Amino acid sequence: MNDSVSEALRGVPLNYYIWLSTALFVIGVLGVLYRRNAIVIFMCIELMLNAVNLLMVAFAAFHGDGGGQVFVFFVMAVAAAEVAVGLAILVVIYHNTRSTDINVLNKLKW
Amino acid sequence: MVMDLIVALIPLAPLSGFLLIALLNKQLRNWLAALIACSSVLFAFILSIVLFFSLSEDQPSISYTAFRWIEAGNFSAAFSFLIDPLSILMMLIITGVGFLIHVYSTGYMHGDEGYNRFFAYLNLFIFFMLLLVMGSNYLLMFVGWEGVGLCSYLLIGFWFKNTEYNNAAKKAFIINRIGDLGLILGVIMIFIHFGSVSYPEVFAQASTMTAGSGILTAITILLFIGAMGKSAQIPLYTWLPDAMAGPTPVSALIHAATMVTAGVYMVARNNILYTLSPATLDLIIVIGLATALLAATIAVAQNDIKKVLAYSTVSQLGLMFLALGFGAYTSGIFHMATHAFFKALLFLGAGSVIHGLSGEQDIRNMGGLKKLLPKTFATFLIGTLAISGIPPFAGFFSKDEILASAFAGNILVWAIALFASLLTAFYMFRLFFLTFSGSNRTTGEAAHHIHESPSSMTVPLIVLAVLSVIGGFMGIPEALGGGHALKSFLAPVFAASEALAEPHHLSHSTEYMLIGLVVALTLIVIYVAYNIYVQKNKVPAGADVPLTGFNKVLANKYYVDEIYDKIIVQPLAFLSRIMDAVIEKLMIDRIVNSTGRAVTWGGRTLRYFQTGNTGFYIFAMVISIIVIMLVKAFV
Amino acid sequence: MTIYVFYFLSFLAVLSALMVVFSKNPIYSVLYLVITFFSVGGHYLLLSAEFLFAVHIIVYAGAIMVLFLYVIMLLNLNKETEPHKKAIYQFAAVISGGLLMLVLVGALKGADGAAVELGANTDIGMVKNLGKMLFNEFLLPFEIVSVLLLAAMVGAVMLGKNPLKEMRNSNHESTATKVKTVNK
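Chains as they are written, first to last, in our numbering: chain P, 1 to 110; chain G, 1001 to 1635; chain H, 2001 to 2184.
If you're looking for bench data, these hints aren't it; they were derived computationally from the structure.
In this text, all values refer to a predicted model and were calculated from it rather than measured experimentally.
Treat the hints loosely; a few may be bogus.
As the list claims (entries may be wrong) - Now the in silico label distances, taken between C-beta atoms and shown as ranges:
{"hint": "1", "chain 1": "P", "residue 1": "ASP101", "chain 2": "H", "residue 2": "ALA2151", "range": "38 to 46 Å"}
{"hint": "2", "chain 1": "P", "residue 1": "ASN15", "chain 2": "G", "residue 2": "ARG1597", "range": "52 to 60 Å"}
{"hint": "3", "chain 1": "G", "residue 1": "MET1579", "chain 2": "H", "residue 2": "LYS2086", "range": "53 to 61 Å"}
{"hint": "4", "chain 1": "P", "residue 1": "VAL75", "chain 2": "H", "residue 2": "VAL2127", "range": "43 to 51 Å"}
{"hint": "5", "chain 1": "P", "residue 1": "ARG98", "chain 2": "G", "residue 2": "ALA1620", "range": "43 to 51 Å"}
{"hint": "6", "chain 1": "H", "residue 1": "LYS2128", "chain 2": "G", "residue 2": "ALA1620", "range": "46 to 54 Å"}
{"hint": "7", "chain 1": "P", "residue 1": "GLY64", "chain 2": "G", "residue 2": "ALA1620", "range": "21 to 29 Å"}
{"hint": "8", "chain 1": "G", "residue 1": "ALA1620", "chain 2": "H", "residue 2": "ALA2087", "range": "39 to 47 Å"}
{"hint": "9", "chain 1": "P", "residue 1": "TRP110", "chain 2": "G", "residue 2": "VAL1635", "range": "26 to 34 Å"}
{"hint": "10", "chain 1": "H", "residue 1": "GLU2050", "chain 2": "G", "residue 2": "ALA1620", "range": "24 to 32 Å"}
{"hint": "11", "chain 1": "P", "residue 1": "ASN106", "chain 2": "H", "residue 2": "ALA2107", "range": "45 to 53 Å"}
{"hint": "12", "chain 1": "G", "residue 1": "VAL1635", "chain 2": "P", "residue 2": "PRO13", "range": "46 to 54 Å"}
{"hint": "13", "chain 1": "G", "residue 1": "VAL1635", "chain 2": "H", "residue 2": "ILE2027", "range": "42 to 50 Å"}
Stated by the list, open to error - Covered by chain P, per the in silico footprint, the following chain G stretches (three or more residues, Cβ under 8 Å):
{"hint": "14", "segment": "1039-1046"}
{"hint": "15", "segment": "1598-1610"}
Unchecked claim - Not everything, but these chain H residues come out facing chain P in the computed CB check (under 8 Å):
{"hint": "16", "residue": "VAL2014"}
{"hint": "17", "residue": "VAL2020"}
{"hint": "18", "residue": "GLY2042"}
{"hint": "19", "residue": "LEU2140"}
Just so it is clear, CB atoms sit at the ideal spot from N, CA and C, and this is done for glycine as well.
All chains, full assembly: derive it from the sequences and hints.
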C-alpha cells in the first residue's frame, strides 16, 4: 500500500499542490469580500484555513518531515476553538441586532 | 595662594550678596538685605585695601586665573584677573564710593517697596564693574561692560510702573549697545590682528608696532566708539540726562562715579594702542572738547537739580577724554578719581535735598535751605567748590593738570577747555545759590515737612566731603612742591606709552601763571553768579513762561533728541512697520497658518477611511496585502 | 493514474468552494463546504496523511460544520433573509480576489526550481510516528492547545448564557429586588 502510494506521489509535482492551495485560499478571500452574511464569511475563513492545511501536509509529504502534519493538528485545534467562540459571539450579536448582516455593525465610524 | 584667594573673593563678595538677596527676596527683612549688601561691598573694599598694600616694587602686578573659560580652535580666553596699579585704583574707588552709596541708600530708599531688589541690583552692579576693571582680557572686560549696562537699565527703570522711566532705561541700554557694536568690532579686529585677546599679549605685540598704522587706528577708533556710548560722549550722550529717572543713589554710583568712567578706564588701559594712533588721539580731543563745551552750555539753562548734575558729568567726562587725548593718561585718571568723589557727593547731596523736600526736584521751587538742611548745605558747598576747581579742593589739582597739558598742546583747545571750566563753575554755583540761598520758595505740602536727612544719609556725605577736600593731595604736581604720588603709583601702567611719546611739559613758571589765571577767572565767575542769583535774587522763569531765542535752544538741549528722533528713530519705526505688514503678515503668518490648515485638511480627508464597515476593512486588508507583495516583488 | 485522482479531487474541491461563495441559500453554502472538506481530506489520503484524514473528517465535517448548521437553523436563515452586497462591490471583490491570485501565483512561480521531491519516509502519516513526534518535539504546544480549548469552551459557555434568565434561576430573595430595580 505504501509503495503504491509513494509511486502515486511520484506523479504529482509539488507545484500543483501549491496552485491548488492558492486557489482555495483565494476563493476563501473572495468569499469574505463577496458575502454579507457573517456566518458565510466565517465559513470562508474555514476554507482559507483548510487551504493552508493542505499546503502544509503537501510539504510534509514531499519533504518526509512529519512536522507539517503535527502543525496541521494544531491549526485544526485552533480552528475548532475559534469556530466555537466565533459562533457564540455571532449568536449574541443576533440577539442584540436581530440580523447577521455585517453592515449593521458600523458604530465605530468617524 | 592667599593672594589668589583674596583676588577671587573680591568679585565674589558682591556676587554672593546679589544672589542671596535676589533668591531670598521676599523672605528677607529690609534691614537684613541692607546689611548683606553693605557688608559684602565693605568686605570687597577691605580686601582691595589689602591688595593695594601688597603691590610694591617687587610685585607690580598680581595675576590670577580662576578657570579656563573658552577654548575654541585658535581662540582661548581664561577667566583671569590682573591687579595692577590702574585696576587697584579703580577697585578702591568702586568699592569705597560704592560702600558709601550703599549706606546712603539704606536711608534714601527707606519705605520703598522694592527695597531688597534695589540692593540686589546694586550688588550686582558692583560685581560687574569689578569684573570690568579686574579682567585681564578683553572678553572679561566686555562681560563686565555689558553687565554694568544691564544693571544700569535695571536701576534706571527701577520704579518700573512709570512708563517714562522705562523709556529712559531703554534709551540708556540701546544707546549703550550702539557703542558696544564698535567695541565688539574692535575686539574682533584685535583678535584677528594680534591672535589673542589677553592684555599682556596684545600690549607686548603692540609695543613693537610702528605708530600710525591703519589697523591700529581702526581698532582704537572702534574701541573709542564703545567708550562714547558708555561714557556719554557726543553723539551718544543723550541717555545720561534721561537716566536721572532712576533713584538718586543710582545716579551717584553709576552715572557719576563708576559706570561712565568705564570708557576712560578702557582708553587708559589700552594706552599703548592709543599712543601709537595719533589720529585717534586727535579725534578723542575733538570729541572730548566738544562734549565738554556742549554739555556745559546746556547745563546753564537747566532747572532740574539732577539734570544740571547730569550735564555736568557729561562735561567733566569730556574733560577726562581731553586729557587722554593729549597723552596725559595719569591726568585723566586723576580727574576721574577726584570727580568720583565730588560728583558722588553732589548727587548724594541733591538726593538729600530731594528727600528733605519730599520729592521736589525743580530748583525754582527751592531756596533758603541753608538753615533747614545744614549738613547738606555744608557738604554740597564743598562739592561745588571742588568741581569749580578752587584750591585746595580735589578738583583743582586734577583740572589744573588737564588744562596744563591742553595748554602745552594747543592754545585754542586750552582756551575752549578753560571756557568750559568757567561755565562749570558758573552753573554749579548757580545751582548752589538757587538751591540753598535766599528765601524758601517751596510751596504746597512739601513746605511743611522740610527736614534734614537721617544720619545714614549724612554720614556718607561727610565722608565724601572729606575725600573731596583731601583727595587732590594724591596728585600734587611738582610745580607746587608735591611729589605727585599718583603719577609714580601709576607709572608702570603707562610706562610704555611714556617711553614712546613724552607728554608735553610746561615750565614751572608757566604753570604758576596758568594756575593763577585760572583761579582768578574762576573766582570772578563765582562772584558773577553770586551777583545774579543772590544779590539780585534772580530766579529762572517758571515752567509756564515761554522761552525765546538762545535760551530756548539751550533749555531744549539743542534739540538733539528731536533730531535723533527724526533722523533715526522714525525711519526705523517706519521700516519695521513695513516689515510687519509685508513679511510678517503676508509671508511668515501665511506659511505657519497654512501648515496648520494642511494638517487639519489631511486629517479631515483621512477620516473617511474609518467607515466602521467591517467589509470595507477586510477589503482594505486584502488590497494592502496585494500592494505589499507587489512592492516586495518589484522593489 | 493517481494524477487523475488528484485532478478529480482538485476539481471537486475548487468547484464546491466556488459554490460555497456563490450560493444564495446559506444552508447550501454549508453543504458545499462539507463536500470541500471531504475532497481536501481525500487529498490528505493521497499525501499519506491517513490519521490526519480521519481527524479532519471528524473535526471539520463532523463537528464544525454541524455547529454551523445548528447556528443557521437557530437563526432561521434562508434564501429570503440573505443580504446581498451591491453589484459594484461584488465586482470589486472578484477583481481583488483575482489580483491576489495572480500575485500569489506569480510570487510562488519563482520557486519552480524546487523540483518534485519524493519523501523517502511514507510512514509519516502513521499514528505511531505522528504520536511520537507530537509528544516529543511538540509537547509544549500540545499542552497549550489543551488550555486553549478549555478557554474556548469557557468563553463559549459564558457567551451563551442569558443574563436575565440566570439571575432568575439563582437565589430568588437577593436577586428579586435587583431584577425589579433593573426593570424599573
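Verification of the hints:
1. The supplied range of 38 to 46 Å is broken by P:ASP101 and H:ALA2151, whose beta-carbon atoms lie about 29 Å from each other.
2. Under the hint 52 to 60 Å, the C-beta atoms of P:ASN15 and G:ARG1597, about 55 Å apart, fit the expected range.
3. The hinted range of 53 to 61 Å is satisfied by G:MET1579 and H:LYS2086, whose Cβ atoms lie roughly 59 Å apart.
4. Checked against the hint of 43 to 51 Å, the C-beta distance between P:VAL75 and H:VAL2127 comes to roughly 19 Å, which is inconsistent with it.
5. Judged by the Cβ atoms, the range 43 to 51 Å given for P:ARG98 and G:ALA1620 is violated: they are separated by roughly 28 Å.
6. In this structure the hint that H:LYS2128 and G:ALA1620 lie 46 to 54 Å apart at CB holds, the actual value being about 47 Å.
7. Distance hint for P:GLY64 and G:ALA1620: a CB-CB separation of about 41 Å, inconsistent with the stated range 21 to 29 Å.
8. Between G:ALA1620 and H:ALA2087, the C-beta spacing of about 20 Å breaks the proposed range 39 to 47 Å.
9. A beta carbon spacing of about 32 Å between P:TRP110 and G:VAL1635 agrees with the range 26 to 34 Å that was offered as a hint.
10. For H:GLU2050 and G:ALA1620, the Cβ-Cβ distance of about 41 Å falls outside the hinted range of 24 to 32 Å, so the restraint is violated.
11. For the pair P:ASN106 and H:ALA2107, the supplied restraint of 45 to 53 Å is violated, since their beta-carbon distance comes to about 34 Å.
12. The beta-carbon spacing between G:VAL1635 and P:PRO13, approximately 30 Å, falls outside the hinted interval of 46 to 54 Å.
13. Checked against the hint of 42 to 50 Å, the pair G:VAL1635 and H:ILE2027 passes, with Cβ atoms roughly 46 Å apart.
14. A count of 0 residues in the segment 1039-1046 of chain G with a Cβ less than 8 Å from any Cβ of chain P is obtained; the coverage claim is therefore unmet, three being the minimum.
15. A stretch counts as covered by a chain when three or more of its residues have a beta carbon under 8 Å from one of that chain; for the segment 1598-1610 of chain G and chain P the count is 3, and the coverage holds.
16. A hinted interface residue such as H:VAL2014 counts as satisfied when its beta carbon comes closer than 8 Å to some beta carbon of chain P; here the least separation is about 6 Å, so the hint holds.
17. Annotation: H:VAL2020 was flagged as interfacial toward chain P, and the flag holds, the nearest CB pair being 6 Å apart, inside 8 Å.
18. A hinted interface residue such as H:GLY2042 counts as satisfied when its beta carbon comes closer than 8 Å to some beta carbon of chain P; here the least separation is about 11 Å, so the hint is violated.
19. Violation of the interface hint for H:LEU2140 is found here, the shortest Cβ-Cβ separation to chain P being roughly 11 Å, above the 8 Å cut-off.
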